[in-house]
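*Asks:* Note that the protein sequences, when read in sequence, are chains C and R.
The letter at position 134 of the first sequence is residue 134 when you use the numbering used here, and the numbering goes up by one with no holes.
In the numbering used here, each residue's number is its place in the second sequence (first place is 1) plus 1000.
Take the hints with a grain of salt, since some may be wrong.
What the hints assert, rightly or not - Each computed BS3-like pair below joins lysine-lysine, with the alpha-carbon atoms no more than 30 Å apart:
id: 1; chain 1: R; residue 1: K1222; chain 2: R; residue 2: K1095
id: 2; chain 1: R; residue 1: K1068; chain 2: C; residue 2: K115
id: 3; chain 1: R; residue 1: K1178; chain 2: R; residue 2: K1089
id: 4; chain 1: R; residue 1: K1178; chain 2: C; residue 2: K252
id: 5; chain 1: R; residue 1: K1016; chain 2: R; residue 2: K1100
id: 6; chain 1: C; residue 1: K252; chain 2: C; residue 2: K115
id: 7; chain 1: C; residue 1: K252; chain 2: R; residue 2: K1172
id: 8; chain 1: R; residue 1: K1095; chain 2: R; residue 2: K1016
id: 9; chain 1: R; residue 1: K1016; chain 2: R; residue 2: K1172
id: 10; chain 1: R; residue 1: K1204; chain 2: R; residue 2: K1172
id: 11; chain 1: R; residue 1: K1095; chain 2: R; residue 2: K1082
id: 12; chain 1: R; residue 1: K1178; chain 2: R; residue 2: K1222
id: 13; chain 1: R; residue 1: K1204; chain 2: R; residue 2: K1194
id: 14; chain 1: R; residue 1: K1068; chain 2: C; residue 2: K149
id: 15; chain 1: R; residue 1: K1173; chain 2: R; residue 2: K1068
id: 16; chain 1: R; residue 1: K1082; chain 2: R; residue 2: K1016
id: 17; chain 1: R; residue 1: K1068; chain 2: R; residue 2: K1082
id: 18; chain 1: R; residue 1: K1173; chain 2: C; residue 2: K252
id: 19; chain 1: R; residue 1: K1089; chain 2: R; residue 2: K1173
id: 20; chain 1: R; residue 1: K1172; chain 2: R; residue 2: K1089
id: 21; chain 1: C; residue 1: K252; chain 2: R; residue 2: K1089
id: 22; chain 1: C; residue 1: K149; chain 2: R; residue 2: K1204
id: 23; chain 1: R; residue 1: K1178; chain 2: R; residue 2: K1194
id: 24; chain 1: R; residue 1: K1173; chain 2: C; residue 2: K149
id: 25; chain 1: R; residue 1: K1100; chain 2: C; residue 2: K115
id: 26; chain 1: R; residue 1: K1222; chain 2: C; residue 2: K149
id: 27; chain 1: C; residue 1: K149; chain 2: R; residue 2: K1082
id: 28; chain 1: C; residue 1: K252; chain 2: R; residue 2: K1194
Worth flagging that the hints you see were computed from the coordinates, not collected in a lab.
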Amino acid sequence: MDQFLTQIIIGTAIGVGAGYIGSFMVLRRMSLVGDALSHVALPGLALALLYHVNPFFGAFAALMIAVIGIWALERETSLSSETLVGIFFTTALALGILLTPQPELLEALFGDISKVAVSDLYLTLPLVAAMIIIVRAISRPLTLSTISKELTQSMGIRINVINFVFLLLVALIVALGIKVTGTLLMGALVIIPAAAAKNISLDLSRYTFLSAFFGGLAGLIGILIAYGYNLTPGPIVVLTGGVIFLASLAFKR
Amino acid sequence: MAESGAILTVDNLGVKFDGQEILRDLSFTVSRGDVFAIVGPNGAGKTVLFRALLGLVAHSGTVRWESKVAISYIPQRFSIDKDFPLTVKEFMEFKTGDRKLIMAALHSVGITDEHHINHHILNQRIGWLSGGQLQRVFIAWAILDNPHVILFDEPTAGIDIGGEETIYNLIKKLRDEKELTILFISHDLNMVYKYANNVLCLNKDMICYGAPADALDPAALKALYGGEATFYTHHHHKK
């Protein structure tokens, strides 16, 4: 398959997945968690580069450790996840910058989708599809527990399990998205589409759909523009998202 | 159906958080069809008691519900911002997709005008409802799956003074129509006198228990709220 077409498919698919998961993160006021988590991926990415492993696995492993750490610490201590994420984020970023080989640092920080291979399709597409299906399946407790944790628990729903599954999926999409936007900007790809969709949606189904749609749109248009003008795709994808958000403000409901 | 059977029996219930005693040695029974009020100052452990009854917090002693009893819980606080993208229809559909059931539940809570329901309730963002409308919607949601018992934390929190009576009247009406058992937490002793047939006064310990007219005597009120004041007194609690 054409390399450019591969870029477009992967970029769009990741945009859709990030937008969809991001809609629930914004709903749950986890915007900053997504942003900070993406930085945690850097040391894992660095180790993967050093040992010539697929960077996705390195990033995902680092994110998993962070997610489990945050989840466990949040249960065991009274620190808020904002604080915990802040701690993980800064130390991991510092460690990552030291570990990442100098020539690859820029790519790790800002992504480079032009490096994807056709084989990446077989990893990305099924994972994004699975994520969307799982998030959809747990969308009811995700939304309800945002409204009231006690109400959700009283219905016999195990919120801890739901939260954990959700954090895992967040880790997964961030690890995938690093190829598109890099670790520094991945947070934007989860937050911006959702924020734009929230501006123009009254109901949940439209909101989550539009969020996924805007994510995909940002990926698609961003990569096309970057290709046309020979720019780094990551920042252009994020900027496209920013433009979509500005446009949504005009139609705010 | 046996009218007088105990639907809930609580024996020596105690709850501790981090070694701090929140509830101590509570024993009471709730009969089928009761309107059972729980009163006490802020920080008395009323909400914790509800959570213990629901099995959401670790406790000592026993909480025994009649077998196969279905319980709905309406918490005091919901975090729903004005821009929370969820319509009332979607909220109701979390429990059932059956439109007839949803309409019946809304009718039961006094939202009856078809046009109003379609245009101003169901397709409305839930965060845009007024306090009174929101409370009705939550009650409708609570009765959607035909519970036997409703635990209601501060039914009139966030409702205008005039609206309080309406909500309590509604609760009373539902109890009569649907053979419900109602447990509610309240600050408003007038409402407790008027609507409850049993009351439990709580300030970590059980201070009084029984029919409101008997149980809420001056000694109990003093122990509950301190001093001579019968309305608001500032109370210090160990944190």
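*Asks:* When the hints from earlier in the document are held up against this structure, which numbers fail?
*Replies:* Violated hints: 1, 2, 4, 5, 6, 7, 8, 9, 12, 16, 17, 18, 25, 26 and 28; rest satisfied.
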